[in-house]
Structure formats: structure tokens, C-alpha cells
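Undergrad: Spelled out from the first residue to the last, the chains are:
Number of protein chains: 2
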Amino acid sequence: MSKKYVYSFGQRKCEGDGSQKMLLGGKGANLAEMMQMKLPVPPGFTISTEVCTHYYQNKKSYPESLTTEVKAAVKQMEEELAETKMKFSDAKNPLLVSVRSGAPVSMPGMMDTVLNLGLNDQSIQGLIEQSKDPRFSYDSYRRFIMMYSDVVLGVNTSFFETALEEKKLDMGVELDTELDVDSLKSLVKTFKSIVLEHTGKVFPEDPWDQLWGAVGAVFGSWKNPRANTYRRINGISEEIGTAVNVQAMVYGNMGDDCATGVAFTRDPSTGEKKFFGEFLINAQGEDVVAGIRTPQPINQESINDSNKDLPTLEKTLPSAYKDLVALYQKLESHYKDMQDIEFTIQKGKLFMLQTRNGKRTAAAAIKIAVDMVNEKLIDKKTAISRVSPSQLDQLLHPRLDPKAKKDIIAKGLPASPGAVSGKIVFDPDVAEKWVKEKNEKVILVRIETSPEDIHGMHVAEGILTARGGMTSHAAVVARGMGKTCVAGCGALKISYEKKTLDVGGKIYQEGEWFTLDGTQGEVIAGKVETVTPELTGSFHELMTWADEVRKLKVRTNADTPTDAKIARKFGAEGIGLCRTEHMFFDPERIEAVRHMILADSTKERENALKKLLPMQRGDFYQLFQEMQGLPVTIRLLDPPLHEFLPHKKEDMASLAKEMDVSLEALQRRTESLHEFNPMLGHRGCRLGVSFPEIYKMQVRAIVEAACELKKKTSAVAEPEIMIPLISDWKELQYIRNYCEEEIKAVFSEMKVEVPYTIGTMIELPRAALTADKITDPTLGNAEFFSFGTNDLTQTTYGLSRDDSASFLGTYVEKKVFPTDPFVSIDTDGVGTLMKIATDHGRKVRGPKLKVGICGEQGGDPKSIHFCHSIGLDYVSCSPFRVPVARLAAAQATLK
Amino acid sequence: MSKKYVYSFGQRKCEGDGSQKMLLGGKGANLAEMMQMKLPVPPGFTISTEVCTHYYQNKKSYPESLTTEVKAAVKQMEEELAETKMKFSDAKNPLLVSVRSGAPVSMPGMMDTVLNLGLNDQSIQGLIEQSKDPRFSYDSYRRFIMMYSDVVLGVNTSFFETALEEKKLDMGVELDTELDVDSLKSLVKTFKSIVLEHTGKVFPEDPWDQLWGAVGAVFGSWKNPRANTYRRINGISEEIGTAVNVQAMVYGNMGDDCATGVAFTRDPSTGEKKFFGEFLINAQGEDVVAGIRTPQPINQESINDSNKDLPTLEKTLPSAYKDLVALYQKLESHYKDMQDIEFTIQKGKLFMLQTRNGKRTAAAAIKIAVDMVNEKLIDKKTAISRVSPSQLDQLLHPRLDPKAKKDIIAKGLPASPGAVSGKIVFDPDVAEKWVKEKNEKVILVRIETSPEDIHGMHVAEGILTARGGMTSHAAVVARGMGKTCVAGCGALKISYEKKTLDVGGKIYQEGEWFTLDGTQGEVIAGKVETVTPELTGSFHELMTWADEVRKLKVRTNADTPTDAKIARKFGAEGIGLCRTEHMFFDPERIEAVRHMILADSTKERENALKKLLPMQRGDFYQLFQEMQGLPVTIRLLDPPLHEFLPHKKEDMASLAKEMDVSLEALQRRTESLHEFNPMLGHRGCRLGVSFPEIYKMQVRAIVEAACELKKKTSAVAEPEIMIPLISDWKELQYIRNYCEEEIKAVFSEMKVEVPYTIGTMIELPRAALTADKITDPTLGNAEFFSFGTNDLTQTTYGLSRDDSASFLGTYVEKKVFPTDPFVSIDTDGVGTLMKIATDHGRKVRGPKLKVGICGEQGGDPKSIHFCHSIGLDYVSCSPFRVPVARLAAAQATLK
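Protein sequences appear in the order of chains H and D. Letter by letter, the first sequence follows residues 2 to 896 in the working numbering. Letter by letter, the second sequence follows residues 2 to 896 in the working numbering.
What the hints contain is simulated information worked out from the structure, not anything from laboratory work. It is possible that some hints are incorrect.
Derived BS3-like pairs: lysine-lysine, alpha-carbon spacing no greater than 27 Å straight-line [what the hints assert, rightly or not]:
id, chain 1, residue 1, chain 2, residue 2
1, D, K649, H, K649
2, D, K815, H, K604
3, D, K816, H, K731
4, D, K658, H, K494
Keep in mind the model is a prediction, meaning the values are calculated, not measured.
Can you build the whole structure from these sequences, using the hints too?
TA: The following block contains the structure:
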């Protein structure tokens, strides 16, 4: 027997059900499911997604058996409607159909719908006879020609609309509904001549030709540019294909006892449990969304400002409304989720055209999930899986008031979420001055940021850069700070000198108000109101459930007590990464840091470090205090030293003066620190090998702070000292040895001891490949691992995240890479190394080897799933991502 | 029974043999072996290397049983000499001994020898009585004190030498031998008071104390700084330890029927088969090397300019000489290798003190190996393993005349071997001008080189840089060109402006003569004569044998027909890497290249590329012609485009003028190409994804050249098109697709077809980890792999070879890394990835997947062994390394 490609759905024969989304598409499966539930659904059939696959694998041709199967399915549809005696392609009593696409996942951008298919110059007469309504019939006919010509024949709708407008002008009427039969009749002619003019062919008269044309258009639209774009953005595979649904028409436009509408079983924006929807009397589906007439509320609860004077469905067609209510309740308890339904009332009788899980805001998603648990509709685990972690992220940040108008002047990368307004400034010093002295809100606009800009970023509301990717300095730091950031906005031409911003020829001056939407990547001129979401009881309830389920711990990347506090409030279970160098950029410290870097001898360097010691100790003390009872992973100095030196000539001059050396000497020293590839240069543990005194100072500061805390408050800090950029176990052994000596010295000086561990970041392929030796107690002796996936991705791909923005766009466009590899863990490459390292490490040290991740990807849901799958102990992410990670970790367990 | 630590060697009881080098050290094993051969060797015993290990693992203490064992061994030695009735520590008839160190591998830098141990103020009388020679006795005594004080007690020899000189002055004599008994007697006293003065202790009188002191000194010297340095440089493990040899003294200084000497069984500098040696009458061992008296030739064949007036041993002591000849022949046929022997003649009787495989020059090594095969002493395989591949490298390059004087002013890295002289210039343009216009020989001196310097490097005799490591640009390019290079010579302070070179305060001007020894890394002021070695018949014979044995093919990295020709002469079996970008730097091409880079549109870029096409085609044509019948792997454009742009302001200005754009616009464009980490930036296949037109031009040039060759000469080229820097199979698929289209177009235009393959470099960890997908015919479809171990090492370690020089020194010093990881393949990390990739690739495509290596390490013997072990098909190296690689590949098979 040959393969089956067509599935009927009807009251008598229904060949599919709701579980067959991959085969029948979402729409087809739901129609079959509703049919199985014996709901009033017009009969029809679904051409499966396998036909789409066949179509593209065979030079856009169909399987041989398809014609026969479609014919049989049409016949079956006619049988379902036997009492009406309608037949497809019958001139006397024509069965008209709708043709709709329906992929396994919702896919905007494809061909959507053709209604009233089957009409032609003969069958229009039949329709008039059957409906006794010539106006309705001709209105259906002209709608059909318009839709079909647009989506199947590719004739732009505007031609038809113009003709329609002209006709209304001719007739002196305003609304489509006011056109009489003759006008509609002549419009049908005009429309057909438009088709002939633009396609060179007459409009197809044969209903079968019409049907096959529409089917072909659906399959053809699967790979149209808009659909491709949508799939690319949403990571949907091209392989899944779309199905085609052919369904008997029912009419909402047969008179005033007819209507069409959409409804949600709960409020999709708040999640409140109320039935909510809109409808139009005497209309077909597309009229509701077209916005020509204001839709009416279906009930009291659906009344709003714009529809408050219109009668509700409950009042207008009370019996149909009653049926609708019974039906929505049946649907919700069947699907156990909030439904988005489409219905049509034909001559007072209710028909269901579609049901699907309704889209909802993050707030609604949470409320509905929690409510449904309380209503015992679903269990907690289902509730957890109902909320998407990335949606949650929006909820944690302010967003633009959805009602406000916005003048979007450019789009960049959505580098760090949230929405903020402020005056634009181009210099971090100016930013600081304006904020501190004038109490202004500012947005720092830079070509790209560097560690020298930190103080400006710190005071700014948001950060906007012209260059750099999702993991550029600006993006990473902004996310860490929980600040809104739009990065890599190529349309900006920034002049630091003139203090202006040129966007497509329009010049903006320093001080002008801008608004950034970091969730969307939008740059908006002017000030736009924002709304701050509140974390509801439902949110906390859902989070508690997630915590009960998840196996992965969630820590935070935090460098300051403030960050630590926020993160702890959001549920962080420790610090997974404290970047000590961020403590070095404070203006009063940077001087000592620079003295340290420019020291000519170990002695001189030690003197400069002595000045830094009490400051670092103070930082750690506060951090330990904030995080007491929880582990705090502190990474020793990582960036190359030249990052701490000034680059501008005037700053160099002032530093030279301050240090009492010649500018030339200073420049020479700076130059000697210059590197071709600083990312692969003298940084990380390499600094610890070259200048043990730096790490010794840092370790001393950590342990002194912990000892002090214990003495003063008897609270116990849990420092985990993390050595960055290890490539070989010997580096770790060398550094561990002198660190332990220093720690012993502190213990004996302070006469108190605290627990501590020493471990390493795994951020180089070689570290992953030799993780057994790195963990081995007799060799590297790492007591814990933390994957630094930013660097690991860079070295595994040989790809600089600072430089890749310039060509990754092309890569994604040409489909060479599906997305920027820095966003989610690349499981094939980076993930393989992570797995090798984890297995190696655990083989040597057993399951007690603590393994985590502290790269940017630690807050990415997809990556969290992967981390769970290879058995990590924890993920660490920026404070604002902590709830996202908690939820994603729970979902990973449930998957 | 407790472990055995002491092994006697004597005619009656000999407990070791020559195979026990690890246990007894080289010297001890050879003494035992000679004893087993019944050669006249003074008896003694060896304290094994295990004692050394025990010593360092147990706070410098000995195993408990050692005292007893040593006593027993001394007793055994006395029994061996029963007829003499000598006893150790006997005042009347003292048995004196020598104490020598002896590690499993030859180890300069350790304590060497103490002779005459056992003498004190009592036994000296016994010695006089027995020898009837007071002068000899006192001379032995003062020698013993001097040596012992130096090496065991740490008293500087100079104090004793001063006293000796003073005594000779006092006595009005010139030679030591002229001092009379009383003088020697008083010297002994003086020597002892020197010891007391400098150590605060009296010189040990008890022979047992003396013995244990000497043994302790040997073990102590195992970890002295000189020995540590030697081990580090030569990659010898500290774990192996040293043995101590205690042996009965025989005396070459008991009168004129006594002598001591050294000999080689063949000429160590030419390899000629002639017995060759020197001796001194009435002398002890150290006198021969001390150079106080001119040593005499042992026979006619050993006569040279300085000793031609001295009588030979053959004449002076004919019977002993006859014994020596018999003995050397016996030794050589026993050891089947050229021997370096030490002998002593006491009262006309010959004793052997040592034999070992003699050190020899590369030329001698080859000749001896080949001769011995012809003499049927050894087989071909043994001959192959007798020549060290790195020695061979010297043989292929000119070297400094060993007799010439040289004023070494600085040392750098031996970046590319050979020895050359030339006038120093600091600018590649000047270099070109001087060579072309004035026919001068120049040495190009640069702080570091960049691709812009290529034309200057090309004409220079040698290259000298102040910065950069063994794999810096200068080093890599120089090796590729076969040019001498000393790199990373930190002592040089170069002023481009003043055109001077400052070395430790001494200023050298442009135009002064310098000589570089690239094999040693020496920078020499002035002109030093060089000698060009000739490749002998033995060399070719040995190479042929190597070729019969080896499994790995050897290709060359060559960018020009000249390189290709040299390499083919040296036996290259194809080109493993032709870097197409090197063809771009030619002055007449760089202009088109720059137009291409600065093009605003694809169209403009294509126009510039059209100019390059015929030039590249011409290059390939010549290359194919040179290499016909052999495969030629051509890598498409790899470096980031900004490498081709000028950096100097004046060059920018002239380019702007030439291109008819403003300097500002040009600068802006150049800046926009700037990258933070160009190594991880927009290069390699990423260029091919962004600008397909570039690779299309290159592929067209390659295939057109091959087609043209076929048409004109019917010779078949075997181009292998190599795509660099692949990280994912999709990159390769994308590029392969358009390359194949282009190739098809060429075939149809030219109406001829040629064979070709398309493959990839594996130079990123991700490529190695996903090599299965990269090779899979339905995915990446790579037909061959070539490991780019330079980049692979960089990314695996996260280490830039351009920047690492600044800290790798510290790493090696602190023993964190044993050596620069760019020199030999790091088997733990990089090697693991290579193995993964090879296994992955072969699993998908079977053994026919061609896998090679084309990084710098392809010419490194250690790395070649590794490549053999994981089953690569070929290695590729610079032309001058080809013979080295052939030999190393053969040795890998034999190992």
C-alpha cells in the first residue's frame, strides 16, 4: 500500500487527532482533535506535512497518489454534509471551501488563508439560489477573487482595493457593506480584468484548478523570504514542512444572525480567569482583524474603551453565546491550557474554526500556570514547563509602555534587556559629571566600550554602542550590571570630537533625550514612558516549585555587594564568578594599579600592591558578609595589564607627571606591553606565573577578609579561589603552592583559620583535554572547575567575540551558522570539551568535584539544559538572570 | 632480602653488564661490559642510580644497607688485586681509588672525577715505599687534595693554582714536572692550610671519610645549577639520577714507561676509518685535556700541525700501542659503533678506563653509519637510527668556519639555521635597493617583521629581529625561504629613525658588517668566514635507505617555483602547503590587492581581482610545472585583509593619492578593518564566506593553470585546494559549492578537465572535534585534512605565538613549561585533538582520507614521530628540512 498523505476530519470519519502535530500541522491536528471531541467543526481534510517535504525533495512535485487521495477526501467531505447536498465544483449547489496553511509550529509569514474557494461564474448562481442572498454571494465572490489573486496568483491587493475604493466613490458610499449587488457584480468583473492585466491569464474558473493552485501556494510559501526569516530568528527547522487544511466554508456574513469572532479563554495579558473576546455581526474572518469595523465585545468582561457602546454577543445572539461558553470551558479542560479560539455563527448556529494554546505575556503565563495548578487542571511540573524562561526575563526589567508612541531610529543587538531613557553623552567622564553634579539621567553612547569606560557605564541608565556583538565588552558588562544595553548598532556614526551622533543623515547632539529598548535592540529618539513590572505572588510560587524540581544550583556573577544583594534576593545560591579586576577600575585604585604595572622591580610592584591590599580586603569583606553561608568563587586577576593603562595621549601625559617619569618612558613601557592578540596573550594565570606577588596580594586579601569576618561576626565565608586561563596542570601547581604558603602565613598571623578551596576555570581547549591531570591531587589538584565558556568558545572556534560582529552577520544570513555561537553553548564543539573535562575530572576526583559554568551562557536556557545533561553542579549568571536560570534548570530536569 | 645497591666489576666477580645503563649509568655499565669482555680494566664497583633517587626522596640520606654493601665491594676490589696486597685505608700499601659520576646519559655540568682518593699523611709513606718514587707520590697527593677540595669541599681551584704558581716562581721553574719532591711536599702542606682557611675544617685524613665525601659530592652535584640547565636544554628527566663509580687507581704518571691518553676508533670529524688519538707520557688523566703540555699523536694518522714533531705512541711504547690497537678493534666490533676510549699505561701495561660511543659531527655520523653497513658491522636500519635528524639540519646549511674568530655581541633564538654575513640595514626598501642597485649583501634588522617586509627579507642574506619567538613571522618566513634568521634578540635596541643598532651601549650604524649564526642564535659583529658543506655520497645512500623504511611521505611548504625546485632536489614528494597570500606581496601586485580590499562593492572587488587572476595563474603554472607528477596543496587566502594595507602614514598618503580617495577616507576604511585579535578575526575561510569572489578568483587561477599545463605539455598537475580555518562543516560546504561551480565553468571554457580535490586545514579545536562532519561526503565533504599545528597550538593553549615570547621565558625558567610549546607537538593537548580528528575522519571516509601536517612542527623530528604514531599520511616542512623529515620519518618506523 502506498503512503497515506491526506487525512479527513468529520463527524463520521476522523482520521487524525491532536497528537499528530508533526504530521498534520498544529491547525490540522487541532481541527481533528476538536472533531474527535464532537465539537461543531465544519468537515474537511488535511494534506500532511510529508507532502511538503516530498514537494521540496522532488523539484516541487507531489506524490503520485495525492490527486486520488484529495479527490476521495473531497468526496468524504461531501458525504459529511450529505443533508445539504452540496458538492464541490457543482454549479447548482456548490460546496465552497477554505484553504489554510498549518505548520507544526506557528509560522507567521506564510500564505495564510483563501476563503470561498470553488466560486466561479456558474456556481455563483447556484450560491445565490441556495442562500437566497445575491449580495452575500457576490460579496463572497469578490472576496475570493481578491484573496486568491493576492496569495495564489501574486497580484498585489492594492489594485483591488483601489478598484473597490473607486467603486465606493462612484456609488457615493463609505462602507463596503453599503455596496449593492450590482456594484459587487461589476467589481467581480473589474477584479477579473485586473488579474488578466497583471498575470496575462484569465482567473481560473475550474474549482479543482483553484484548489490545486491554493495548495501549491501554501507549499510554495513555506520557503518565501518572510517565512525563512521567521524560522531563522526563531530557530525553526526547514525540514518540518507545512500541512494544508481544506475545510467546508461556513458563513458569518449571511446576514444579521451571522457573526464571526475570536476569543481567549483567559485574559492573555494579565492571565485573569475571564472569558474574553471580540466579534463582528455579518462578517467573514478577516474583517475582525482588518480593523475596518470596530469589533464588538462578546461579553461584559470584554468591554473596553473603544467598544463600550457596542452590544455584546451575549445580548445579540444569546443562544450562540451560551453554546460558545459551554464550548470554551470544554476546550480549556480538554487542552488544560488557555485557548485562543476562532468561531463563526451561521444563521444562529455556532461553528468552531480553530483552537490553539493562546499566546500570552510573561505575567499572564505565570498567573495562568499557577491558577491552573490551584484549579487542579495541571500539576506543578506542567506549570513549570508552561512558562518560557526567556519570557521571564522581560518580566524582571522595566519595559516600554506598550501604548506609548516610539520613534525608532535604529536597531542594534538586544544586548542587555530593559527599557530606559536618558540624555545622550559620548564620554564616560561627562556621564559621571552630569549624573553626579547635575543629577541627570544619561545614556552613554560609545563606538565601543573598554574597561576605561566602566565609571561612565556605572552611572548611565543605559549603554549604546556602534560596534561589538552580544558578548562584546559593553554587552557583558551591562548584563553584569543589570543595565540596559543596545550594542553593535551599525547605523550610528559617532563623532567624539563634535559630540554628535549621525543616524542616516540626521544629527543628534549631546544632551538630547534617547530611549533604549534593550530587550528588542531598539534605539528610540526622545523619551518614552516605561512600565516596571511587579513580581507577583504567582511568580514566587512558581519559582518555589521550580526550586523543588531542579538539580542544578544557580549562582550569580557579581563583583560588588550591591550585585550580590540583588542576586540573593532573586534566589542566587552563591557567587559563581567575582571578577576581581573590576575592583581595580575605581579612580582611587587605578593609580595604585598603574604604579604596580609600571613598576621596574618586584620590590616596587610589591609596594604598589600593598596599597591595593586593604581596598581589596574591604571589597571581599563586604561580599562575604552579603553572601554568608553561601560559596563565593573569586577569580584572581585575569585581563592583560595594558587594559589598565590609559590610551589617550592626555591621560598618558597626566599619568607620566603623576608618576614622575617622562612621557616617552611611559609610552615605551606601554608599547612594550602592547600585544597583537591580547586575548591569547599575557593574561590570566600567566600573570600569576610571571608576577606571583599580584596573586599573593589577592589571596591574602581574600583570606584576611574571611578571617576578619569570622573574628568579628563568627559568620563563615566560603571562598573558592579560582585561577583563570590554566592550560596545563603545572601552572596550577605552581600558583597553588605559593598561594597556600601565603594563606598559611595569614592564618598564623591572624590566629584563626577559615575553610577555602582552590580550583580553576576551564576556558581553554587544552585545559578541557587535560582536565584529569588538572584535577589530580598529586598534580594540578584543582578542587573545583568552572567553565568559562566565553573564552572556551573563542578558542574552540578561533573566533574573537570582539571582532566577530563584522562578519557573523553574513554567516547567519548565508546560513553558514544558525546563530551567533556565543549565545548558546555549541554542543558539538565547546560542549564536547565540557563533557570531556567533566568526565575526566570526575573520574579522578569522583562526584564530589564541584563543576559549574560562569560564562555568559550560564544564564541561557538552552545552555542550562545542556549543563544539566552533562551533570554540572551549578550555573552562574548575572543577577537579573537568576530567576530565568532557576526556571530553566527546573525545566531541564523535567525534560 | 633488601635491595641491592652496589655492583662490583672485576675479573673474578662482575655483577653488571652494558645493558644496565639506567641502573649503573653509562660509565658503570660500560666498565662492567668491558670487564665481561675480559679487557684490562682496573677493578671497582658502581653505586647504582637508585641510590641517587633514594637520596633525593629521603632528605639526602642513603639506604640503610649502603654502608655494608660499599664495605663489601671495597673488600671485593682488594681481592681482585690480591697479588698487589693493597688495601683501602692501609697506611703501608694503600689501595687508592678514583670516584666518578656516571648518569644514564652523558651529563656535563656534574661533579666529574676525584683521583688518588685514599691518600693521607700516613699512607703517602706507604705509597712511596711501594712505588719507590717519592716525587710521583707527592705529586699524586697534591693533585688529590686539589681535586677533592675543589669538587667535594667547594674550595676554588684558583687558590691552589696560585700557590702552585708561587712555588714554581720560588723555585725558578716553569713546568709542574720540574718541581722537586720537597717543593711538592711543602705544597701539600700549603694546600691543606688553604682548605682549613676556606672551610674552617682540616682536610679529611680518614680514607673512608674521603670516600663518603666524594660519593655525597657526586649525588649532590646531580641537582647543581649547571646540571639542571643542561638537563632542561636537552630535555633530560631529573628522575633518572646518577650512579657513582669507585675504581682502583692505575697510574700514568709513575715514570716514562707510563702514559695516559684518549682515542677515537674513527675520525670523529670526518668519519674516516682511521684510529685516532693523543696521549701524554708520565701524566694523569686530566693533564691531557688541561692543555699544559701538547699531547703526542698515538700514530701516524693522528699527526697534525701542532704535534708533528712529537714522537708517536707507536714508536715510544710499541708493545702497549699494539695492545691498544687490538683492543680498539675488539671494542668497535663489540659495540658496533665508533668508540671514544680513555686508557692509561702503567709501567708499560695498558689499562682501559672508559669506552663510550664517540660524539661526532653530522658528516662523520653519516659516513660512519654508511661505512659500517658496508663493513657488515651493522644493518641499514641501525645505520638510519645512528644519525640524529637535528644534526642533519646543520649539514644542509653553511656554517661558520670553526677556526675563525668571532666577536659575539648578542644571542637570540636560533630561528632559522645557517650562517651568513652582510651589511646591516633597517628598512626592507633599503635592503632591496642596496642588493639590486649596489649588489651588496645585506642583513635585514627589524624590531619585528610583518608581511610588508617580505621583499626585504627576500633579498637579504639573513634576518635579525629584536622581538618574536621561534614561530614569529620572521622565523616562520625565514625558515620557509631557507634563510638564516636570529629572532627575539632582546639585547638589540633598534632606532629606525637614526638607523642605528645599540647593543649594550655600543652603537652600530647602517652598513656595518654583521654575521649571523642561525643554528646557534649568535649575532656577531664583523664578517666571519663560512664553510659550505657538501652532500656526500654517503648522505644520499643513507637517505635512500631511510626512504625504503619510512611510512610517512614528506612534502614541502613552498610558495615559489624556486622553493619547490630546492625541495624536490631534497626529496620532497609534493607540496603540502603553498600559501597563496605570499604571492600577493610583490610590489606590482600589492596595488591590485589593495584596490580589492578597499573596494566599496562586489563589482569593484571583482575588477581588482581580475587584475590578479593572470598573475596568480602564472604562479601556479610554474609551480605545477616544477612539481609535475606530485600533489600540490594550495591554501586559499588566509591572513586578515588589513595585513595587506600600509601602516605608515606616508605609505597611506601615497596609496590614497594613487586610489584617488582622501587620506581620511582611507584611514577610516583601514580603521574599520582593525581588529583586537586578528588571529581570531576575519581571516581564513571567513573571507571566503564574506567575499566568495576572492576564493573564486583563486580557484579559477589554480584550475586554469592546471588546464593550461595539460593542454601545452600534457603534464598532469595534482592540485589539492585547501580551505583554511574551518570551524564547522557548513563553512566548507558553502565554499566548496561555489568553488565547484567555478571549476566547472573553467572546464567548459577551456574544454579540458583536470583532477582536483578540495579539503581543509584542521587548525581549530572545533574542526578537530567535529572532523567527522567535516569529512562526511553529505556534509563538509573534505577530501583531505592537513593539520595546521601553528594555529591549532595557539587556540588549544589560548596562546599567541607572536606575544608569548614575553612570558614563555619565565615559564621555562620556573619549570612550568618544559619548552616552548610551538617547537614540538604537544601530544597531551594538540596531539589529542589531532588523534580525534584523524580517527573521526578515517571512520567516515576510511583509510583513503589523506591526512597530513603542514605546520612548522612538520619538520620537527619529535613531532614527526608523533605524526607517524597516529597514522598520518605525510608531513610537510620547509625545503631545507625535507631530508631531516625523511630521516626522522624512517626512525619513527624503526622505533
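Undergrad: Now tell me if each hint is right for this structure.
TA: Consistency of the hints with the structure:
{"no.": "1", "hint": "D:K649 / H:K649", "verdict": "holds (20 Å)"}
{"no.": "2", "hint": "D:K815 / H:K604", "verdict": "holds (19 Å)"}
{"no.": "3", "hint": "D:K816 / H:K731", "verdict": "holds (8 Å)"}
{"no.": "4", "hint": "D:K658 / H:K494", "verdict": "holds (25 Å)"}
This entry satisfies every hint, going by the numbered hints stated previously.
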